[in-house]
Amino acid sequence: MAPPLHLTLYRGAWRRHDDGNWTFQRKPSDLRYTVLVKPMETVEDLETLIRHRYKLKPETPMVMSYHPPDWMLDPNGTRTPPITLTTTSQVETMMHIRSWFAKLKLCVSVGPEDVAHYQCLTETDFSVRGASFVFNGLSGKEVVASKEILEEVFNQQELVVMYRDHFEIEKAKKYQKERGGSSGVSSPSLREEDPPSSLTGSEE
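The opening residue of the sequence shown carries number 27 in our numbering; numbering runs sequentially from there.
Calculated from the structure, these hints are not laboratory results.
The beta carbon of each residue, even a glycine, is placed where N, CA and C say it ideally should be.
Incorrect hints may appear among the rest.
As the list claims (entries may be wrong) - If you anchor each label on the Cβ, the simulated ranges turn out as follows:
#1 Lys131 - Glu204: 30 to 36 Å
#2 Leu82 - Asn102: 31 to 37 Å
#3 Asp44 - Leu82: 28 to 34 Å
#4 Ser55 - Ala28: 30 to 36 Å
Please work from the sequences and hints to get the whole structure.
Following this line, the structure appears as structure tokens:
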């Protein structure tokens, strides 16, 4: 069996520039930790390793992602979105790349705001209480409240939805501005893709 490999962790947030290129911005406080990861590590065990390294609670939202070497991203290069690790097979593929590419970095986004921002950039569907949702169109009203109040009222997963709603609104405003449309923009509605479970009083 192949031995575990050192994998460098970057903590921060992805940014997609106007020219379509993606870059990962590390937080100033990031210490660039490393973890030992087995070539056949499960996605659950990898998440546990990272949560332990950063001392994160189980309920703290977190996203693991990476960019392969530039030459593997042809023809679009760094305009290719990051790969989000959600399955064990994806982790195994990443570790195979790491076995010959020592500079590979695992990018970790932590907390409701950074996770929601990443979801917005990658147009990721999300789940709350077993139901999957996507943002669809513009309707309803924008929620206005201070960050401190929201953190007191909503749990971590609900805050992801609140922040996601905010980022989608800002994206829609920018899109309408670029098209010379109306300045009045309301909140994107949530369409439930899977039955049952609805969002109770939260929109991220």
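So, going through the hints one by one against the coordinates:
no., hint, in the structure
1, Lys131 - Glu204: 30 to 36 Å, "holds, 33 Å"
2, Leu82 - Asn102: 31 to 37 Å, "holds, 32 Å"
3, Asp44 - Leu82: 28 to 34 Å, "holds, 32 Å"
4, Ser55 - Ala28: 30 to 36 Å, "holds, 33 Å"
Of the hints listed earlier, there is not a single one the structure fails to meet.
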